[in-house]
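S.K.: The chain contents come next:
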Amino acid sequence: MNYIFSILPDILTGLNITVGLFILTLLGATPLGILIAIGLRSQFFILRWLLNAYVWIIRGTPLMLQLMFFYFGLPLATDNRLVFPKMTAAVLVFVLNYAGYLAEIFRGGIQAIPQGQYDAAFVLGISHRQAFSKIILPQVFKIVLPSFGNEVINLIKDTSLGYVISLVDILYIAQGHAVADVSLMPYVIVAVLYLIFTALATVIMKKIESNYREWA
Amino acid sequence: MVEMSLEHIRKIYPGQVVAAVPDYSLQIKDGEFTVFIGPSGSGKSTVLRMIAGLEDITSGEFKMDGKVMNDVEPKNRGIAMVFQNYALYPHMTVFDNMAFGLKLRKEPKDKIKAAVDKAADLLGLTDFLDRKPANLSGGQRQRVALGRAMVRDAKVMLLDEPLSNLDAKLRVEMRSTIAKLHQELGNNFIYVTHDQIEAMTMADRIVLIDHGVIQQDGSPEDLYNHPGNKFVAGFMGSPSMNFLNLTVSGTQLVSKDKKIQLTMPKGTAHFLKERGYEGKEIIFGIRPEDIHTEPIAKDTYPGDTVKVRLDLVEPLGAETMYYFQLDSQQFVARVGAREISQTGDEAELTFEMPNAHFFDPETELVVVPDGETVYKSPTKTESDLANTKGTKLEGQKFSKRY
Numbered sequence: 012m013n014y015i016f017s018i019l020p021d022i023l024t025g026l027n028i029t030v031g032l033f034i035l036t037l038l039g040a041t042p043l044g045i046l047i048a049i050g051l052r053s054q055f056f057i058l059r060w061l062l063n064a065y066v067w068i069i070r071g072t073p074l075m076l077q078l079m080f081f082y083f084g085l086p087l088a089t090d091n092r093l094v095f096p097k098m099t100a101a102v103l104v105f106v107l108n109y110a111g112y113l114a115e116i117f118r119g120g121i122q123a124i125p126q127g128q129y130d131a132a133f134v135l136g137i138s139h140r141q142a143f144s145k146i147i148l149p150q151v152f153k154i155v156l157p158s159f160g161n162e163v164i165n166l167i168k169d170t171s172l173g174y175v176i177s178l179v180d181i182l183y184i185a186q187g188h189a190v191a192d193v194s195l196m197p198y199v200i201v202a203v204l205y206l207i208f209t210a211l212a213t214v215i216m217k218k219i220e221s222n223y224r225e226w227a
Numbered sequence: 097m098v099e100m101s102l103e104h105i106r107k108i109y110p111g112q113v114v115a116a117v118p119d120y121s122l123q124i125k126d127g128e129f130t131v132f133i134g135p136s137g138s139g140k141s142t143v144l145r146m147i148a149g150l151e152d153i154t155s156g157e158f159k160m161d162g163k164v165m166n167d168v169e170p171k172n173r174g175i176a177m178v179f180q181n182y183a184l185y186p187h188m189t190v191f192d193n194m195a196f197g198l199k200l201r202k203e204p205k206d207k208i209k210a211a212v213d214k215a216a217d218l219l220g221l222t223d224f225l226d227r228k229p230a231n232l233s234g235g236q237r238q239r240v241a242l243g244r245a246m247v248r249d250a251k252v253m254l255l256d257e258p259l260s261n262l263d264a265k266l267r268v269e270m271r272s273t274i275a276k277l278h279q280e281l282g283n284n285f286i287y288v289t290h291d292q293i294e295a296m297t298m299a300d301r302i303v304l305i306d307h308g309v310i311q312q313d314g315s316p317e318d319l320y321n322h323p324g325n326k327f328v329a330g331f332m333g334s335p336s337m338n339f340l341n342l343t344v345s346g347t348q349l350v351s352k353d354k355k356i357q358l359t360m361p362k363g364t365a366h367f368l369k370e371r372g373y374e375g376k377e378i379i380f381g382i383r384p385e386d387i388h389t390e391p392i393a394k395d396t397y398p399g400d401t402v403k404v405r406l407d408l409v410e411p412l413g414a415e416t417m418y419y420f421q422l423d424s425q426q427f428v429a430r431v432g433a434r435e436i437s438q439t440g441d442e443a444e445l446t447f448e449m450p451n452a453h454f455f456d457p458e459t460e461l462v463v464v465p466d467g468e469t470v471y472k473s474p475t476k477t478e479s480d481l482a483n484t485k486g487t488k489l490e491g492q493k494f495s496k497r498y
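Protein chains in written order, with this note's numbering: chain A, 12 to 227; chain B, 97 to 498.
Just so you know, these hints were derived from the structure itself, not from any lab.
This one's a predicted model, so the numbers in the text were calculated from it and none came from an experiment.
One or more of the hints may lead you astray.
As the list claims (entries may be wrong) - Result set (DSBU-like, lysine-lysine): computed pairs, CA atoms no more than 35 Å apart in a straight line:
#1 K251(B) with K265(B)
#2 K171(B) with K153(A)
#3 K205(B) with K153(A)
#4 K153(A) with K159(B)
#5 K159(B) with K276(B)
#6 K202(B) with K218(A)
#7 K228(B) with K205(B)
#8 K145(A) with K362(B)
#9 K214(B) with K145(A)
#10 K218(A) with K228(B)
#11 K276(B) with K362(B)
#12 K145(A) with K199(B)
#13 K125(B) with K217(A)
#14 K354(B) with K145(A)
#15 K153(A) with K352(B)
#16 K403(B) with K145(A)
#17 K159(B) with K125(B)
#18 K145(A) with K202(B)
#19 K202(B) with K125(B)
#20 K153(A) with K209(B)
#21 K276(B) with K352(B)
#22 K352(B) with K145(A)
#23 K217(A) with K207(B)
Please construct the entire structure, taking both the sequences and the accompanying hints into account.
M.R.: Here it is, written out as structure tokens:
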């Protein structure tokens, strides 16, 4: 028990990286995902084709590979002209990756809205932009909430992949203690922390879902 | 208010060869309650959506008060619309649903509240303004959709099968609500339905459409009592008109096997002979309510009684339906509620021949006495119409009766 309390403060110093990466990814990937989803339904074939290709590449390759390519590969490919700090690289890759997944989720949600909702808006004298932001999006959020919740939980766990570019998050610090002290306990502590985060995220998502349920 | 005209409107969907609406022309007078009616897929909703600006017009012109509206955005047409599935915004309260358009137009709050309160009062929604659509019944949702359209204060109200999702009792209730609303507002209502009871009870004018072509337009009485062709005759009325191919023989209408012989009034026999149908086949049509079981009917029309075996007797409370076969055609008679015949019984039925209708077997157009019942047509002169026998006048538009 003493051992746990002795290493816990050190592990918790990595929380700002883990939580920071999680929050920044969520804040960046959600609006970007919505924009890509809109683009995927665009009239312009070239834009649609490019975005479909982007989503295909993002969803078809592992996040770890994307991280390594971005952090290690880009400097190599550009003679060190394009070098990102670890946190910046991680946030950029996570945002681009999660935007690809969320785009598909939002696209499905947008497609699920009946045409009548758009028609009613246009006949009522509401512009396309207003119709989308005030009428369509709130309904899309309700539809995609369960899938969005899954992605949030995946993101909490995926933050641990920052380890591959030596991002000093809770897993990185725990790994140091595990090797130095030849103990499994640091890993157990990190596992418990992740479980607490995912439980918290699940409760929050359920609460949001129940708020939406009243206009089922 | 506003006068509307559709001039040679045509709609072809991309990648399609056949036009959904081939050539559609119509004038709609100010303040009129016009009902577009027709079977599923007839193009009535397509025409409504073109008026709303939700569908592009392939060719032709749609005008409001003489101004061409083809390329005008839906929001700038001065039109409000009520949809079949209500299309309410589930995340907004009843008040917000009705006020939303006004809020976005930055109208003053007191004006918005006054407009919503007035509509809510008229539609009996005052107690539900704080509820979300999920907590309303079908009828209440439909009234919210009507209220939302009302608040827009549009010159034209379009209603696309607004009652089709409601149960029978609610439909009756909502019919009177919509009719009252039209009286109250006095603006143009264009209403799409495939339910002829809705059309008959609410319309000032019915436009019957099939395959994007106007078959006939006129008052409900016009279409019911003076159908311009077999399609109109068969569509209007529930149960629909009975048809039978019979041969004209003097004052008689005779079936091929001579088992059915009906005596026509002398005037009818005379005009059919005059029009060259003597010895030829004609489509005879009679409505279920013009087939009687009472002895007095047999006394009045002694040569027009047939003996039949009843395939099905359907008591409906206020009336009874008799289903039977005549010359291997399914017939139905609407008789009094006190009739006590059973399925399988024999019955003597009398046809009220002065109310019979006659149609040309080739053109399916109504056969009418010269100078008596002529249908005005936008593309044919009266003399043309008098000589249409043997001419295929598909989609000919008939309206007024002289």
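S.K.: Against this structure, judge whether each hint is valid.
M.R.: A quick look at each hint next to the structure:
no. : hint                 : result
1   : K251(B) with K265(B) : holds, 30 Å
2   : K171(B) with K153(A) : holds, 27 Å
3   : K205(B) with K153(A) : holds, 29 Å
4   : K153(A) with K159(B) : violated, 41 Å
5   : K159(B) with K276(B) : holds, 27 Å
6   : K202(B) with K218(A) : holds, 33 Å
7   : K228(B) with K205(B) : holds, 21 Å
8   : K145(A) with K362(B) : violated, 70 Å
9   : K214(B) with K145(A) : holds, 25 Å
10  : K218(A) with K228(B) : holds, 19 Å
11  : K276(B) with K362(B) : violated, 46 Å
12  : K145(A) with K199(B) : holds, 12 Å
13  : K125(B) with K217(A) : violated, 55 Å
14  : K354(B) with K145(A) : violated, 71 Å
15  : K153(A) with K352(B) : violated, 67 Å
16  : K403(B) with K145(A) : violated, 68 Å
17  : K159(B) with K125(B) : holds, 12 Å
18  : K145(A) with K202(B) : holds, 15 Å
19  : K202(B) with K125(B) : holds, 33 Å
20  : K153(A) with K209(B) : holds, 29 Å
21  : K276(B) with K352(B) : violated, 52 Å
22  : K352(B) with K145(A) : violated, 68 Å
23  : K217(A) with K207(B) : violated, 39 Å
The structure does not agree with the numbered hints 4, 8, 11, 13, 14, 15, 16, 21, 22, 23 stated previously, though it agrees with the rest.
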